[in-house]
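There are 2 protein chains.
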Amino acid sequence: MVPGPGIARTQLPPGFTCSGINSGVRRYRPDLGIIISTEPAVVAGVYTKNECKAVPIRYCQRLLPAQNIKAIVTNSGQANAATGALGEENNLKMAEAVAKKLNCQTSQVLTASTGVIGIQLEIDKIVGGVEELVERQGHTAEPFALAILTTDLVPKTVSTEVELSGGRVHITGICKGSGMIHPNMGTMLGYFLTDAELSIPEAVHLLTEATDNSFNMVSVDGETSTNDCAFLMANGVSGVRLANLSDEKKFLKALEDVAQVLAKSIARDGEGATKLIEVQILNAPTLPMARQAARGLVMSSLVKTAIHGCDPNWGRILARLGADQVSKDCLSKMELRIQDILVYQKETPLSVDLSGLRNQLKSDTVLIQVDFNSGDFNATAWGCDMSKKYVEINAEYTT
Amino acid sequence: MVPGPGIARTQLPPGFTCSGINSGVRRYRPDLGIIISTEPAVVAGVYTKNECKAVPIRYCQRLLPAQNIKAIVTNSGQANAATGALGEENNLKMAEAVAKKLNCQTSQVLTASTGVIGIQLEIDKIVGGVEELVERQGHTAEPFALAILTTDLVPKTVSTEVELSGGRVHITGICKGSGMIHPNMGTMLGYFLTDAELSIPEAVHLLTEATDNSFNMVSVDGETSTNDCAFLMANGVSGVRLANLSDEKKFLKALEDVAQVLAKSIARDGEGATKLIEVQILNAPTLPMARQAARGLVMSSLVKTAIHGCDPNWGRILARLGADQVSKDCLSKMELRIQDILVYQKETPLSVDLSGLRNQLKSDTVLIQVDFNSGDFNATAWGCDMSKKYVEINAEYTT
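Chains as they are written, first to last, in the numbering used here: chain A, 2 to 400; chain B, 2 to 400.
To be clear, the hints were calculated from the coordinates, so they are not data collected in a lab.
Keep in mind the model is a prediction, meaning the values are calculated, not measured.
Where chains are identical, the list cannot tell them apart; a pair therefore holds if satisfied intra-copy or between any two copies.
Derived PhoX-like pairs (lysine-lysine); straight-line CA-CA distance at most 25 Å:
1. 126 with 94
2. 363 with 389
3. 390 with 363
4. 50 with 329
5. 94 with 347
6. 334 with 50
7. 347 with 50
8. 101 with 126
9. 347 with 334
Working from the sequences, and respecting the hints, build out all of it.
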């Protein structure tokens, strides 16, 4: 696996191109991106569970899953959410402009948006940019990855290869996300591209599985966006299918690995973040409880601020687990480790070298392990610390 | 109604005294307080729903409701939560020391604690302070109100009188709370004292009703404490009972008013807060939905930071309502007003004077009104903006 960015460039799988430009909506940064498949591709999508869904989300939900998709166009800066009938029109214009340029049906073009909620798209600028956008297409992921960013500091791309029984296939993942991150389905925007040949049911299943253990386990601030979505786009250019169960497992593992690298990169790039927090819940009686406990800890403001201050105030971890209705039985059997140091066991605080632990917390990755000793289910969640910068960014986002 | 503090002092109802001292646990600030009733009092309690309950919470749950309570002793700085068997022993020692000094049974003395979770009480200092504590008792609320503070900036007291058919009775409310505020039952620590003569069922009913519409509708940071509790203590010294339904309504109204003044003072004094946020949900189809929507908005980091920055980014309000599973029907009929200015209606953003709205947001109280036009249920919640100071306070609390 080769994480981008940096000097290295992330190559797209064969049969995909992408591009990103400034259409004039944002002042300096690229704000319009596209992913194009040379062949009509099988695409599955997962979407935010927010009841207030953005226009492009509802548009993609109507079209997907499908097997004839040519492109996904994405704009940043304006979310096209809470925009009424005019928002619907503008979304369609964006897809139509791309379809015209690519010489395909409008229904073969997906859309996604990210940015400020409640303002209309500057659709003339966007439509006016489509020609240049399509003409600039190339074989690396970065131009697109840059065009979809909002408060992110770094583009997020990763690629890998999998050796299946019929030959080698490629997977590239691209995503954006930094604030309003508490996905409940897809997430922010995520795109998985592969040259493997997948059926629609396979694509749906693989995408759902991979996001449940990655994007759905990240939280920056407990806020679920109106625009979260993730797509798996398979163009079949390799001619290699998932011929057996072993192939399917290998492919899912690779897809999950890609998704987890992206999920962690979102957490690490969380608004104002200085550290990645990884929470492992071990031996819980049920999977939902393990997941809820893990997500609860990474979204706790008090845990996030304590870790920001390298403050070994682990009582806040206990308080949060109790607030999230972890059962008394689990709490009584739990062992709590921070950076591999056992601090609480059998309902009793242990005598710990606090200044040593404080030093351990200075690391740029902090590991919290909670072992409930009450079952067989594990879950991992990722988040980030909370700094004054988070407040600064979010007190000044639209203005 | 006379809100304290300041120059004015809050008088306790007849038959109550209180006191607060420094026992040596905290360096400079008072850290031990007591409320004493001259007559055995009827007491009801409500408690945190956190599964990880502090020792004094479990102790009071065993004793209450009761009709023979003489005192509530409270220490600050150490929460006596997650402290195992030694924590139980220490809690009992605290109650015993007070009972001995007051010449009553240990079971007539309630306890409460607030402070850092996971460290043992410095019980010798606390027990050593009890004699001075009891001897200093007086008739104003402030010494106690000061002794129970942690990160609060101001003591929180209020008193009122109610004219019932049998005569006049008094109610005094005292509370503390500034962070880890997202009560799910009582809240932080709250004490309501009255010289009315109440039965146990009356006390339980009145306290539950009053806290549901006040303390349970405040959120500073979405974190539910291990130590939240509120008590209603009625010593009957006035000889005035709730003789009829009208008396009961009047008394409940007065108690709710007291509780709401305290709830708002907690929100306004939230860690790092510069503004009070009041959210009114109007005409919702159910009461639980109205309450959840109201609480969801006051706990949203993105709404709180936007208001801190006087940023009229109301899309975040919509996003949060959708994330909290407000129904599509409600969202389609909703009207959103900020500082009485209509910004969104019929699924469409309105053209609004944004710089005027930005000026309105500079007020130290911000009102958000969401009218769902879908039913008869209303709810109000209180919270505060999120500033860099919140992060500072919580990155450095134990150290």
